[in-house]
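Oh and the sequence shown: position 76 is 76 in full-length UniProt numbering, straight run, nothing missing.
Since the hints were derived computationally from the structure, they do not count as laboratory data. Even for Gly, the Cβ is constructed at its ideal location relative to N, Cα and C. It is possible that part of the hints are untrue.
Unchecked claim - Simulated restraints, written as ranges between beta carbons of each label pair:
#1 429 <-> 378: 39 to 45 Å
#2 409 <-> 97: 52 to 58 Å
#3 464 <-> 425: 48 to 54 Å
#4 394 <-> 441: 31 to 37 Å
#5 455 <-> 97: 32 to 38 Å
#6 221 <-> 321: 53 to 59 Å
#7 408 <-> 223: 30 to 36 Å
#8 484 <-> 398: 55 to 61 Å
#9 122 <-> 321: 54 to 60 Å
#10 195 <-> 338: 46 to 52 Å
Stated by the list, open to error - Listed next, the in silico EDC-like pairs over lysine to aspartate or glutamate satisfying Cα-Cα at most 16 Å (straight line):
#11 341 <-> 277
#12 496 <-> 436
#13 413 <-> 426
#14 374 <-> 342
#15 174 <-> 66
#16 73 <-> 281
#17 73 <-> 183
#18 450 <-> 490
#19 73 <-> 199
#20 203 <-> 233
#21 67 <-> 119
#22 481 <-> 426
#23 341 <-> 512
#24 325 <-> 487
#25 211 <-> 183
#26 496 <-> 512
#27 210 <-> 233
#28 388 <-> 426
#29 195 <-> 160
#30 112 <-> 83
#31 112 <-> 71
#32 450 <-> 487
#33 211 <-> 83
#34 461 <-> 517
#35 195 <-> 261
#36 450 <-> 433
#37 413 <-> 487
#38 413 <-> 399
#39 422 <-> 330
#40 422 <-> 436
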Amino acid sequence: MTISQQHTQVVIVGAGPSGLMMAAQLLRYGVQPVIIDSKQGPTMHSKALAVQSRSMEIYRQMGVIDKVLSDGKRGGGVQFNQEGEEVASLSLANVGETQTAFPFIQMYPQSKNERLLLDFITLNCCPVYWNTSLLSLTQDADKVTLQVQSGEDKQTITCDWLVAADGAHSTVRKQLNIPFNGDTYQHQFYLADIKIEADFGDKVNLFLSKKGFAGFFPMPDERSYRVVGNLPDEFDKKDELQIEEVLPHLRDVTRQQIIVEHTNWFTTYRLHHRMADKFREQRCFLIGDAAHIHSPVGGQGMNTGLQDAYNLAWKMAGVVNNQLKVSVLDSYAPERMPVAKDLLNTTDRIFKMILSRNWFVNLLKKYLLPIVLKWVWSKPNLREAFFKRVSQTGISYRDSTINLNLSQASQIKAGDRLPFLKVFDEKRQLETDLHEWCGKPGFTLICLGKLKELDLFTVAKWITQNYGASLNFFYLPPSAKNQHIFDAFDIKENQKKALVVRPDMHIGFLNDVVDIDMMDNYLLNVVGVVHGS
């Protein structure tokens, strides 16, 4: 299929979860990207499995969360087994209930995520140009020029901005000569989607043994599991390995009589942990696996790619629509690179410990790990901290240049994700929440505290005259039923607070007074809103 236009505003290379999320988010803001992929079509394999709370919050904002919930399966927690015996069981029930509308991990495979996002962009009349490869790219101060090939046809297209979502072997990253530093884990691994006779329930079951490790991740279908494990050394150089050859080793590690009824997918692979030196080169941006890859510990990979796209898309759309100054794009890499780096370091340390064959580390795993896990899980604040990290709801951009914190509050600051707090709407006598208030594209101004009618009218008029639909407005006066919100934001009696929430539901501006000049300064000079947009 030939790309109809010779010049377009945004080209996305790669139609995996990150690329499709980028397209979907741009479409929410009225920007029609061109998206190409060298594959024949979306993946049929489950690949990444876990969808974390933060990603579900994005799906909710997009209006597609019901599909994710009905077509997936909740993970109940994690069970640790040593030499076949259960040593610790950590339930996720009631953990994170106050933090998000989705206090659980949803088992919803990559193939379903891709199909969901493809449906979304198709409904918005945005095709994916499958079987279309990027041959080369060059860029100058004004544009990016791409040579692409579809079948026998080659064509040249240009764009204002390029987003590389083309995976670990990214052609874009290589063309830009951006180093992809890191390492490859020594061992080879296998991955299988199987249906078995046994039922391990809804918990992730991790089996640790002197002979290796295996993880059973529950999938939506009954008695169906994603199994990940390390291959024994003697299989390291063997090609065309079959699951039947691995089963004896799996049984040794789990000390369970695993009987496979059906195999949907089996593959062997090497795992890498790498990160690009830069997430941006002039007019080209890297997201997802093109920017960072890491071990599968904690089900973070696909979710981090979705968040990359979510962070970049509103900024790029604002620039394309001439609503934001181009300088806002300078904030993408400084906000997302520390997240990727932290994730890389954390998953790498945990994964190395799981794989270690060192006698001392094995002693620690056998005797100390169960005690530590049970102790951590018995402490509510540590459980909450664990959930914040895994769910990605704890990610903050406090140091970002496009945030402004003018509040004395100690718990919540500009740059933090807007907390999930229930709101009782006194007018409509309905319960809603702060995240629902931020459902529309654009920035959201929330004023908390008692404002006079005249002040409210002045704020509304200022928005109408200067920002229109790009700034949504909500007002919450004090009431007994909403006192928890005032407590969360450290608002004393007769005090007020103004929040400007960014389109990605992070607080951009926080102030202890409702002052139009200060809010104007934030929007115009800190974020770079173009007046009259």
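Hint by hint, here is what the structure shows:
Separated by about 40 Å at the C-beta atoms, residue 429 and residue 378 satisfy the suggested range of 39 to 45 Å. Judged by the Cβ atoms, the range 52 to 58 Å given for residue 409 and residue 97 is violated: they are separated by roughly 23 Å. Look at residue 464 against residue 425: about 22 Å separates their beta carbons, and that is not inside 48 to 54 Å. Range check, residue 394 to residue 441: about 25 Å between beta-carbon atoms, so the 31 to 37 Å window is missed.
For the hinted restraint 32 to 38 Å between residue 455 and residue 97, the CB-CB distance of approximately 36 Å keeps it satisfied. Hint check: residue 221 to residue 321, Cβ distance near 43 Å, so the stated range 53 to 59 Å is violated. About 55 Å separates the C-beta atoms of residue 408 and residue 223, a value inconsistent with the hinted range of 30 to 36 Å. Residue 484 and residue 398 have their C-beta atoms about 23 Å apart, which leaves the hinted 55 to 61 Å range violated.
The beta-carbon spacing between residue 122 and residue 321, approximately 22 Å, falls outside the hinted interval of 54 to 60 Å. Evaluation of the 46 to 52 Å hint for residue 195 and residue 338 yields a failure: the beta carbon distance comes to about 41 Å. Restraint check for residue 341 and residue 277: satisfied, since their Cα atoms lie roughly 11 Å apart, inside the 16 Å limit. A distance of roughly 21 Å separates the Cα atoms of residue 496 and residue 436; the hinted pair therefore is violated under the 16 Å criterion.
Taking the CA atoms of residue 413 and residue 426, the gap is near 27 Å; set against the 16 Å cutoff, the hint is violated. Our distance criterion of 16 Å between C-alpha atoms is broken by residue 374 and residue 342, whose separation comes to about 25 Å. Under the criterion of a C-alpha separation no larger than 16 Å, the hint pairing residue 174 with residue 66 is inconsistent with the structure, at around 39 Å. Of the pairs offered as hints, the one joining residue 73 and residue 281 is violated, with about 39 Å between alpha carbons and a cut-off of 16 Å exceeded.
Restraint check for residue 73 and residue 183: the C-alpha separation of about 33 Å exceeds 16 Å, so the hint is violated. The suggested pairing of residue 450 with residue 490 holds, with an alpha-carbon distance near 15 Å, which does not exceed 16 Å. The hinted pair formed by residue 73 and residue 199 meets the criterion: a straight-line CA distance of about 15 Å does not exceed 16 Å. For the suggested pair residue 203 and residue 233, the alpha carbons sit about 29 Å apart, so the restraint of at most 16 Å is broken.
Of the supplied pair hints, the one linking residue 67 and residue 119 holds, its CA atoms being roughly 11 Å apart against a limit of 16 Å. Straight-line distance between C-alpha atoms of residue 481 and residue 426 comes to about 9 Å, which keeps the hinted pair within the 16 Å bound. With a CA separation close to 33 Å, the supplied pair residue 341 and residue 512 exceeds the 16 Å bound. Simply put, residue 325 and residue 487 have alpha-carbon atoms about 36 Å apart, too far for the 16 Å limit, and the pair is violated.
Between the alpha carbons of residue 211 and residue 183 the distance comes to roughly 23 Å, so the proposed pair goes past 16 Å and is violated. With a C-alpha separation of about 6 Å, the suggested pairing of residue 496 with residue 512 holds against the 16 Å cut-off. For the hint linking residue 210 to residue 233, the alpha-carbon distance of about 13 Å falls within 16 Å, and the restraint holds. Distance check on the hinted pair: residue 388 and residue 426 sit about 31 Å apart at the alpha-carbon level, beyond 16 Å; violated.
Annotation: proposed proximity of residue 195 to residue 160 is violated, straight-line Cα distance about 47 Å (limit 16 Å). At most 16 Å may separate the alpha-carbon atoms for a hinted pair to count; residue 112 and residue 83 exceed this at roughly 34 Å. This hinted pair checks out: residue 112 and residue 71 have alpha carbons roughly 8 Å apart, not beyond 16 Å. Only pairs whose Cα atoms come within 16 Å are accepted, and residue 450 paired with residue 487 is accepted, the gap being roughly 15 Å.
Among the hinted pairs, residue 211 with residue 83 is consistent with the structure: their alpha-carbon atoms are about 9 Å apart, no more than 16 Å. Between residue 461 and residue 517 the CA atoms are separated by roughly 14 Å; this keeps the pair inside 16 Å, and the hint holds. Pair hint residue 195 plus residue 261 holds up; C-alpha atoms about 5 Å apart against a cutoff of 16 Å. The hinted pair formed by residue 450 and residue 433 fails the criterion: a straight-line CA distance of about 19 Å is larger than 16 Å.
A C-alpha spacing of about 14 Å is found between residue 413 and residue 487, which places the hinted pair at or below 16 Å, so the restraint holds. At most 16 Å may separate the alpha-carbon atoms for a hinted pair to count; residue 413 and residue 399 meet this at roughly 10 Å. Under the criterion of a C-alpha separation no larger than 16 Å, the hint pairing residue 422 with residue 330 is inconsistent with the structure, at around 34 Å. Restraint check: the Cα-Cα separation between residue 422 and residue 436 comes to about 9 Å, which is no more than 16 Å; the hinted pair holds.
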